[in-house]
Amino acid sequence: MDLLQRFALGEIDAFEALTQQFQGEIYAWIVRIVRDSGAAEDLTVETLWRIYRARHQFRPDGNFGAWARRIATNLAIDHLRRARPEEALMTEPAGELPRDPLLQQETREHIQRAFRHLPAKLQLAATLALIEEQPYEEIADALGTSVGTVKSRVFRAVRVLRKRLNRLGIKPE
Amino acid sequence: MTEDDGRKVRDALKQSFPPVNVDLRRDLWPRVLAKLDDRPAGIPWYDWALAGLSTAMFLAFPRLILVLAYHL
Numbered sequence: 001m002d003l004l005q006r007f008a009l010g011e012i013d014a015f016e017a018l019t020q021q022f023q024g025e026i027y028a029w030i031v032r033i034v035r036d037s038g039a040a041e042d043l044t045v046e047t048l049w050r051i052y053r054a055r056h057q058f059r060p061d062g063n064f065g066a067w068a069r070r071i072a073t074n075l076a077i078d079h080l081r082r083a084r085p086e087e088a089l090m091t092e093p094a095g096e097l098p099r100d101p102l103l104q105q106e107t108r109e110h111i112q113r114a115f116r117h118l119p120a121k122l123q124l125a126a127t128l129a130l131i132e133e134q135p136y137e138e139i140a141d142a143l144g145t146s147v148g149t150v151k152s153r154v155f156r157a158v159r160v161l162r163k164r165l166n167r168l169g170i171k172p173e
Numbered sequence: 174m175t176e177d178d179g180r181k182v183r184d185a186l187k188q189s190f191p192p193v194n195v196d197l198r199r200d201l202w203p204r205v206l207a208k209l210d211d212r213p214a215g216i217p218w219y220d221w222a223l224a225g226l227s228t229a230m231f232l233a234f235p236r237l238i239l240v241l242a243y244h245l
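Heads up: the sequence lines are chains A and B, in that order. The first sequence begins at 1 in the numbering used here and counts up by one. The second sequence begins at 174 in the numbering used here and counts up by one.
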């Protein structure tokens with residue numbers, strides 16, 4: 001009997017072997033989204049726990065890695081929703097994009113804050129597609145949606161972000 | 174929004190969010206195992222008290238079973 005079949009039957013040794021095999025991959029996917037190593041470790045543990053609890057739903061002829069990534073992605077989206085910053089976005093114009101390195105740091109902080117205020121699904125799609133440059137097909141698979149939907153979310157994220165940054169007087173160069 | 178606008182926003186994002194280290198620094202199996210071993214909380218005392226009280230009532234007044242059955 002192979003590893004996945006034994007896992008589906010609830011054998012803890014098989015699950016440990018799968019954990020050893022996939023925990024790094026799951027963590028890497030989550031940390032790209034949440035960008036916080038501590039939170040990513042917690043979410044990886046939660047993902048693996050949920051995987052074991054849902055083992056009866058797993059078909060041994062299926063793709064374990066893709067299934068794990070989908071569970072991880074859903075948990076990461078929940079995390080982004082909970083972790084959205086409480087403070088309101090600054091609306092005062094901050095002037096043209098500054099040249100001073102110190103002010104550039106301030107501009108980066110404005111951009112980070114504006115980005116974190118995006119709806120979680122837009123933020124996730126934009127993070128993976130634009131910052132991490134992951135293939136659209138992989139993002140779509142992890143979200144359980146189509147490539148077209150991912151592209152649409154990325155487009156909306158860019159449009160919303162550009163508007164917010166314009167309101168702050170920041171025009172990305 | 175033009176293609177150029179999209180590129181500018183992407184470049185600004187890449188400059189604002191430094192690359193993250195994607196290497197897992199420790200084995201998470203012990204934490205997963207500990208979480209799996211966590212048993213759900215037991216039945217609270219007031220549920221036991223309610224069950225005991227109900228049993229005593231039914232023993233003392235068996236006709237209450239019929240009343241309860243009627244209302245169910």
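What the hints contain is simulated information worked out from the structure, not anything from laboratory work. One thing to keep in mind: the hints can contain errors.
As the list claims (entries may be wrong) - With a straight-line cut-off of 20 Å between C-alpha atoms, the simulated PhoX-like cross-links for lysine-lysine are:
| no. | chain 1 | residue 1 | chain 2 | residue 2 |
| --- | --- | --- | --- | --- |
| 1 | A | LYS163 | B | LYS187 |
| 2 | B | LYS187 | A | LYS171 |
| 3 | A | LYS151 | B | LYS208 |
| 4 | A | LYS163 | A | LYS151 |
| 5 | A | LYS151 | B | LYS187 |
| 6 | B | LYS187 | A | LYS121 |
| 7 | A | LYS121 | A | LYS163 |
| 8 | A | LYS163 | B | LYS181 |
| 9 | A | LYS171 | B | LYS181 |
Each hint, compared with the structure:
1. LYS163/A / LYS187/B: With a Cα-Cα distance of about 18 Å, the restraint between LYS163/A and LYS187/B holds, given a limit of 20 Å.
2. LYS187/B / LYS171/A: holds, 15 Å
3. LYS151/A / LYS208/B: At roughly 37 Å apart (the allowed maximum being 20 Å), LYS208/B and LYS151/A break the hint.
4. LYS163/A / LYS151/A: holds, 18 Å
5. LYS151/A / LYS187/B: holds, 18 Å
6. LYS187/B / LYS121/A: Between LYS187/B and LYS121/A the Cα gap is close to 19 Å, so the pair holds against 20 Å.
7. LYS121/A / LYS163/A: Within the cut-off at roughly 18 Å; holds.
8. LYS163/A / LYS181/B: Distance ~13 Å between LYS163/A and LYS181/B Cα, so the pair holds.
9. LYS171/A / LYS181/B: holds, 9 Å
The structure shown violates just one earlier hint, number 3.
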